[in-house]
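Take these sequences, add in the hints, and give me the full structure.
Numbered continuously in this note's numbering, the sequence shown closes out at residue 205.
These aren't lab readings, by the way, just hints derived from the structure by calculation. Some clues are possibly wrong.
[Stated by the list, open to error] DSS-like, lysine-lysine: derived pairs with alpha carbons at most 30 Å apart:
1. 170 - 158
2. 158 - 197
3. 197 - 170
[Unchecked claim] Simulated restraints, written as ranges between beta carbons of each label pair:
4. 192 - 135: 28 to 34 Å
5. 94 - 197: 34 to 40 Å
6. 136 - 95: 31 to 37 Å
7. 92 - 175: 37 to 43 Å
8. 117 - 168: 25 to 31 Å
9. 136 - 90: 36 to 42 Å
10. 117 - 90: 19 to 25 Å
11. 165 - 130: 18 to 24 Å
12. 106 - 189: 28 to 34 Å
13. 177 - 109: 31 to 37 Å
14. 98 - 173: 31 to 37 Å
15. 200 - 148: 29 to 35 Å
Remember, it's a predicted structure, so these values are computed and weren't measured experimentally. Backbone N, C-alpha and C define an ideal beta-carbon position, used for all residues, glycine too.
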Amino acid sequence: MKRYTMLAIALVLGACKSEVVFVPPPPCGGPIEVMVSGTTTPEFSWIPACGITNLTVRHESATLEPDPWMWSFSVPESAPVGPALAYGKAPGHATVYLAPKSLIAGEVYRVTVTYVVGGDVVSATGTKTFTWYPPD
70 MKRYTMLAIA LVLGACKSEV VFVPPPPCGG PIEVMVSGTT TPEFSWIPAC
120 GITNLTVRHE SATLEPDPWM WSFSVPESAP VGPALAYGKA PGHATVYLAP
170 KSLIAGEVYR VTVTYVVGGD VVSATGTKTF TWYPPD
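What follows is the structure in structure tokens.
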């Protein structure tokens, strides 16, 4: 009898287990207000609290650089991400086009977030410049 009770409990507990399911935020549409915060690494967030498909960071230098791009990734439009992403930490399902480069203290950068539909139609976008000052 004890053995059957343990089996019944195991079956009930197994049936109650649930898997963690990724539920993407609703897609962004229209203008996006981007914010930059963080003390050890830049953290990007935005309003409204919606999902984006692309994020890029570029160095905004006074001199013309051959390659100002610092980091870039995209995700499928069916699985948008955000808000709140740390510099260099792309979501697991992202296609990273450019691995993150080291940011330089005191330099100005621009982060741009977009939601792209059908591979080429931008339905939402936002951008913000920031100066990176790492912790002492």
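Comparing the hints with the structure gives:
Among the hinted pairs, residue 170 with residue 158 is consistent with the structure: their alpha-carbon atoms are about 12 Å apart, no more than 30 Å. Using a Cα cut-off of 30 Å, the hinted pair residue 158 and residue 197 holds, with the two alpha carbons roughly 18 Å apart. Annotation: proposed proximity of residue 197 to residue 170 holds, straight-line Cα distance about 18 Å (limit 30 Å). For residue 192 and residue 135, the hinted distance range of 28 to 34 Å is satisfied, since their beta carbons lie about 32 Å from each other.
Range check, residue 94 to residue 197: about 19 Å between beta-carbon atoms, so the 34 to 40 Å window is missed. Between residue 136 and residue 95 the beta carbons are some 34 Å apart, a value that agrees with the proposed interval 31 to 37 Å. For the pair residue 92 and residue 175, the beta carbons lie near 39 Å from each other, so the given range of 37 to 43 Å is met. In this structure the hint that residue 117 and residue 168 lie 25 to 31 Å apart at CB holds, the actual value being about 29 Å.
Range check, residue 136 to residue 90: about 39 Å between beta-carbon atoms, so the 36 to 42 Å window is met. Checked against the hint of 19 to 25 Å, the pair residue 117 and residue 90 passes, with Cβ atoms roughly 23 Å apart. Checked against the hint of 18 to 24 Å, the C-beta distance between residue 165 and residue 130 comes to roughly 23 Å, which is consistent with it. Evaluation of the 28 to 34 Å hint for residue 106 and residue 189 yields a pass: the beta carbon distance comes to about 31 Å.
Separated by about 19 Å at the C-beta atoms, residue 177 and residue 109 break the suggested range of 31 to 37 Å. Under the hint 31 to 37 Å, the C-beta atoms of residue 98 and residue 173, about 35 Å apart, fit the expected range. The supplied range of 29 to 35 Å is met by residue 200 and residue 148, whose beta-carbon atoms lie about 32 Å from each other.
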